[in-house]
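> In case you want the letters, here they are:
2 protein chains.
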Amino acid sequence: MRTFLECIPCFLTQAIEMARLVTGNEIMHKKIIDEVSRIIPDFSLGCKPPEMARMIQKVMEKQMGEKDFYKQVKAKSNDMALSLYPKLKEKVNNSKDKLLTAVEIAIAGNVIDYAAKNTLNIEEEIEKLFSEEFSGVGKTVFDYENFKDELNKAKRVLYLADNAGEVVFDRVLIEEMPEEKEIIYAVRDKPVINDALIEDAYVCGIDKKAKVISSGVDAPGTILEYCSQEFRDLFKEADIIISKGQGNYEALNDENRQIYYLFRAKCPVIARHAGVGLGDVVLMRG
Amino acid sequence: MRTFLECIPCFLTQAIEMARLVTGNEIMHKKIIDEVSRIIPDFSLGCKPPEMARMIQKVMEKQMGEKDFYKQVKAKSNDMALSLYPKLKEKVNNSKDKLLTAVEIAIAGNVIDYAAKNTLNIEEEIEKLFSEEFSGVGKTVFDYENFKDELNKAKRVLYLADNAGEVVFDRVLIEEMPEEKEIIYAVRDKPVINDALIEDAYVCGIDKKAKVISSGVDAPGTILEYCSQEFRDLFKEADIIISKGQGNYEALNDENRQIYYLFRAKCPVIARHAGVGLGDVVLMRG
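If you read the protein sequences in the order shown, they are chains A and B.
Sequential numbering of the first sequence, starting at 1, is according to my numbering.
Sequential numbering of the second sequence, starting at 1, is according to my numbering.
Hints are not guaranteed to be accurate.
Claimed, not checked - To give an idea of the interface, some chain B residues facing chain A are shown, with a C-beta separation under 7 angstroms as derived from the structure: (1) I16; (2) L45; (3) G46.
FYI, nobody ran anything at the bench for these hints, they're computed from the structure.
All C-beta atoms in this analysis are idealised placements derived from N, C-alpha and C, irrespective of residue type, glycine included.
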């Protein structure tokens, strides 16, 4: 997906949020916003939005002299998600269609980045989703039958992670996949926003069921040109790709490869692009 | 009022809205956004927000080679407001406290800029306000008694206009002021967003009751340093100043002069700064 005009003010809002998380110094906040503003004229609308997030990360690193700005946020998300894990497993075990419930859980977990930024009570949000059986939430695009069929046939599953904490929700889905499958769970290579890194995958215990790798990317979306050759080979050869979150959708949607996108449509530009409602739970065969 | 960090993405959103109003060419939209982005590093948070709107106007003029981008929007607002005029007068005439109702009408008219940008049905909005007697709308700060007293004593009233169309609502208030008062109605000097100009004041018929002048300003807020000397003298000498809209509040709030601010709090930054709720109807003695 390319960048739309509306993304540009949003990039600045993201930079403000990030700057405020890192320092209380408003002079520094303005300095960061100024640097991000200076990039805008060179940023083509043909670029993918996570490219800008990658550049904001670099501006922040240069200005602040550190790298992992969301370390504490991520640790908190991991802890919170792990504490929910027994409940999530119970939901799956009590379900008539365990795989479907696990898919819903994985998508529900995709509100974690929003939660991190908006001090939303994630436990309440997840609980609400399930108690109302997703009744208030749109499912305009929810291609579960195809997903189930193709997952059944697949030998090698490539699963693209999104945020820390959310990994626990992905783990619940991966644990519903038959033993014999080879499952590869790919995370970002370097810190960027609250995206999951290798360490988060291990803390969330997903290594018990999947091989954890880095995609090589340092953007909050799997932009293939920034990925390692090893990852790109995997991307070609995997029987099924499961892509979590908006960032991966933005990064991969124009690639010539079938992918199952699982995300909550939290942004109006993405909702419009994907042809779904804002806030929808999306399982898209793209 | 100074500029806050949150204003910066909002400046870009305003520039996008403006650019889209003027042309359908996305390359031109991006060019305008780029030029506005280039100004941000030189724009101090100590500046008043309408200064940036003024600079955006200049960027637009340079890129587009014209000036009055909201000419049609303003004409439409004027027509629509004039068609509402008899109803507004009826409301005042049926009221137990005519001045209070006229004040409420003047503030209600301040949603016109928002309406212009959001294709809100202004007639419906105004109708709703009155049918519910402002019941859904906060009035955290509504200093009517002081306003009434000071207005009664004043000989010379300086009334600072905001948007085209809104002038008709101001006219309703001005028509409730006793005959013997000298009323001066000050508008912007040059086109900027949908702010009222001399021609709008005449079209809306406010010249029947007030002396219409230009403040000399070319920003969407009465920033005194851009005003004419004649206006600044008036500003000092007037017995009471009635200031309409957020832009005038932002421009004048730090001046050492008592002013009555009448506006709808449409922006969260201003609502916070003024200590009112978002969406509030505000009559503030500042």
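> Does each hint fit the structure? Answer for all of them.
Hints and how they fare:
Against a cut-off of 7 angstroms between C-beta atoms, the interface hint on I16 (chain B) holds, since the closest Cβ of chain A lies about 5 angstroms away. Checking L45 (chain B) against chain A: minimum C-beta separation of about 6 angstroms stays under 7 angstroms; hint holds. Look at G46 (chain B): its Cβ only gets to about 10 angstroms from chain A, farther than 7 angstroms, so that hint breaks.
This entry does not satisfy hint 3, going by the numbered hints stated previously; all others are met.
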